[in-house]
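**Student:** The whole structure should be built from the sequences, with the hints applied where relevant.
There are 2 protein chains.
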Amino acid sequence: MHIPMNTWKHLFKLDPAKNLSDAHLKLVCESGTDAVIIGGTDNITFDNVVDLFARVSEYDIPCGLEVSAKDAIAPGFDFYLIPVVMNSNEKKWMMDIHHEAIKEYRHFLTYETIITEGYCILNEDAKAYKKAACTLPTKEDVLAYAYMAEHMFRLPVFYLEYSGVYGDQALVEQVKQELDETLLFYGGGIETKAQAMEMKQHADVIIVGNSLYTNFEEALQTVDIE
Amino acid sequence: MHIPMNTWKHLFKLDPAKNLSDAHLKLVCESGTDAVIIGGTDNITFDNVVDLFARVSEYDIPCGLEVSAKDAIAPGFDFYLIPVVMNSNEKKWMMDIHHEAIKEYRHFLTYETIITEGYCILNEDAKAYKKAACTLPTKEDVLAYAYMAEHMFRLPVFYLEYSGVYGDQALVEQVKQELDETLLFYGGGIETKAQAMEMKQHADVIIVGNSLYTNFEEALQTVDIE
Numbered sequence: 004m005h006i007p008m009n010t011w012k013h014l015f016k017l018d019p020a021k022n023l024s025d026a027h028l029k030l031v032c033e034s035g036t037d038a039v040i041i042g043g044t045d046n047i048t049f050d051n052v053v054d055l056f057a058r059v060s061e062y063d064i065p066c067g068l069e070v071s072a073k074d075a076i077a078p079g080f081d082f083y084l085i086p087v088v089m090n091s092n093e094k095k096w097m098m099d100i101h102h103e104a105i106k107e108y109r110h111f112l113t114y115e116t117i118i119t120e121g122y123c124i125l126n127e128d129a130k131a132y133k134k135a136a137c138t139l140p141t142k143e144d145v146l147a148y149a150y151m152a153e154h155m156f157r158l159p160v161f162y163l164e165y166s167g168v169y170g171d172q173a174l175v176e177q178v179k180q181e182l183d184e185t186l187l188f189y190g191g192g193i194e195t196k197a198q199a200m201e202m203k204q205h206a207d208v209i210i211v212g213n214s215l216y217t218n219f220e221e222a223l224q225t226v227d228i229e
Numbered sequence: 004m005h006i007p008m009n010t011w012k013h014l015f016k017l018d019p020a021k022n023l024s025d026a027h028l029k030l031v032c033e034s035g036t037d038a039v040i041i042g043g044t045d046n047i048t049f050d051n052v053v054d055l056f057a058r059v060s061e062y063d064i065p066c067g068l069e070v071s072a073k074d075a076i077a078p079g080f081d082f083y084l085i086p087v088v089m090n091s092n093e094k095k096w097m098m099d100i101h102h103e104a105i106k107e108y109r110h111f112l113t114y115e116t117i118i119t120e121g122y123c124i125l126n127e128d129a130k131a132y133k134k135a136a137c138t139l140p141t142k143e144d145v146l147a148y149a150y151m152a153e154h155m156f157r158l159p160v161f162y163l164e165y166s167g168v169y170g171d172q173a174l175v176e177q178v179k180q181e182l183d184e185t186l187l188f189y190g191g192g193i194e195t196k197a198q199a200m201e202m203k204q205h206a207d208v209i210i211v212g213n214s215l216y217t218n219f220e221e222a223l224q225t226v227d228i229e
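As they're listed, the protein sequences go chains A and B.
If you're matching positions, the first sequence starts at 4 in my numbering and goes up one per residue.
If you're matching positions, the second sequence starts at 4 in my numbering and goes up one per residue.
Mixed in with the good hints, there may be bad ones.
The list treats identical chains as interchangeable, and a pair is accepted whether it falls inside one copy or across any two copies.
With a cut-off of at most 27 Å between alpha-carbon atoms, the simulated DSS-like pairs for lysine-lysine come out as follows [unchecked claim]:
#1 Lys-196 x Lys-73
#2 Lys-106 x Lys-179
#3 Lys-133 x Lys-95
#4 Lys-12 x Lys-106
#5 Lys-142 x Lys-73
#6 Lys-29 x Lys-142
#7 Lys-142 x Lys-106
#8 Lys-179 x Lys-29
#9 Lys-95 x Lys-106
#10 Lys-95 x Lys-73
#11 Lys-95 x Lys-134
#12 Lys-142 x Lys-179
#13 Lys-95 x Lys-142
#14 Lys-130 x Lys-95
#15 Lys-130 x Lys-21
#16 Lys-95 x Lys-196
#17 Lys-12 x Lys-95
#18 Lys-134 x Lys-29
#19 Lys-130 x Lys-203
These aren't lab readings, by the way, just hints derived from the structure by calculation.
**Tutor:** This is the structure we're talking about:
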């Protein structure tokens, strides 16, 4: 599959460790979102990833796996989002976990299926922030990470992750100004259509996840951002 | 400048901390090599980098800086080689030194001038190996790094660095087979035309450095590898 990222505006991220009814999953998959991502931080296992993937596969929607744990990587996804945590203190979140994964799964982790994401996690209270041993970057640091993502690593995606809290719009806007080729993904705290439209003014793609599990009806409305 | 890397076969790497006479420098710059790189590990300073750059600039040969120390980065080079040490144990050799450099020098470190190199240092006795806190990778590790350089990071260059010793031809050949788009640079221990021809069979680009300072006449012959 050629991944048509440049046409994307909105993605739903489903957490395999959380419950979503069949009825709600159907609404998500038929919502008009551009793709469904399976990903999370805690309690991600091969079994719950594959179970959720099987349920999403019943619908005609691209499905990607955001890789977080080597043991929870499964074949068959349309694409694989590989986070490189730029503000982690540990090399393993940039390179080493990925190296182990490539040694085992290179037959389906290919140039055509991998989307490497330059991740910047900006919520100190987020599980992912603590797990990846992050440091909170200054505004200048974030802008330089964005610049590096595009100019040094030529990554297809730079991902501002506020993970559960609604982020700093002004910073998202400034980061977008740093980027020409690399797409800006924004995730965190989008619970309403108004918030979705606000962040979509700056980010190329917005990602809605947690709010599917707290206020499903509102979360579903975030797709309508035209 | 559009960097015509795909046409390169041979580079000379000059160490700003070592002495090369004007007569020898002239022979290097007019040798027919594709470009001259300025780079080294110890005692690299802004002053000795700029001094050597000024001397090379008298000749009609592209000149690049291989960035090793943030304080020794100078403007004006045709290109900047940015090593990302894949087998280092420390994130700083992959990301953090680069982040500091980008914050300070982004006005000339741009998409057009940066060549990011996925470095793999394979000589445990090399100064660069020790300085960058490397671990010796297995053959499988090296092949997976090469694969990551191309498929995950889409780096323009994967660099096998034996730094002063002549490397394992069979491994160089296998690494080349992993790569389609990413160019394979080989450096280390090339002292003769015969060795240059041998390694050039597998590597896209060979780099000759140390031997210019030990047996200049032989080293100069390494350019003739057609």
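**Student:** Within a copy, between copies, both or neither: where do Lys-142 and Lys-106 come within 27 Å Cα-Cα?
**Tutor:** between (36 Å within a copy, 11 Å between copies)
**Student:** Could you figure out if Lys-196 and Lys-73 sit no more than 27 Å apart (CA to CA) within one copy, between two copies, both or neither?
**Tutor:** neither (34 Å within a copy, 45 Å between copies)
**Student:** Is the C-alpha distance from Lys-142 to Lys-179 at most 27 Å within one copy, between copies, in both cases, or in neither?
**Tutor:** within (13 Å within a copy, 40 Å between copies)
**Student:** Between the shortest in-copy and the shortest cross-copy C-alpha distance, which are at most 27 Å for Lys-95 and Lys-196: within, between, both, or neither?
**Tutor:** neither (37 Å within a copy, 40 Å between copies)
**Student:** Since the copies are identical, ignore which copy is meant and state whether Lys-12 and Lys-95 lie within 27 Å (CA to CA) inside a copy, between copies, both or neither.
**Tutor:** neither (30 Å within a copy, 34 Å between copies)
**Student:** How would you label the pair Lys-133, Lys-95 (within, between, both, or neither) given a Cα cut-off of 27 Å?
**Tutor:** Cα proximity of Lys-133 and Lys-95: in one copy and across copies (14 Å, 19 Å).
**Student:** What label fits Lys-130 with Lys-95 when the C-alpha limit is 27 Å: within, between, both, or neither?
**Tutor:** Both: 17 Å inside a chain and 23 Å across chains, each within 27 Å.
**Student:** When Cα atoms must be at most 27 Å apart, do Lys-95 and Lys-142 count as within-copy, between-copy, both, or neither?
**Tutor:** both (24 Å within a copy, 20 Å between copies)
**Student:** Check Lys-130 against Lys-203 for me: Cα-Cα at most 27 Å, and say if that holds within a copy, between copies, both or neither.
**Tutor:** within (25 Å within a copy, 49 Å between copies)
**Student:** Could you place Lys-134 and Lys-29 in one of the four classes (within, between, both, neither) given a Cα distance threshold of 27 Å?
**Tutor:** Answer is neither: 32 Å inside a copy and 54 Å across each miss the 27 Å cutoff.
**Student:** Pop the pair Lys-106 and Lys-179 into one bin, within, between, both or neither, using alpha-carbon distances up to 27 Å.
**Tutor:** between (34 Å within a copy, 17 Å between copies)
**Student:** Between Lys-29 and Lys-142, at a C-alpha cutoff of 27 Å, which is it: within one copy, between copies, both, or neither?
**Tutor:** neither (39 Å within a copy, 46 Å between copies)
Checked against the numbered hints given earlier, this structure breaks hints 1, 4, 6, 8, 16, 17 and 18; the rest are met.
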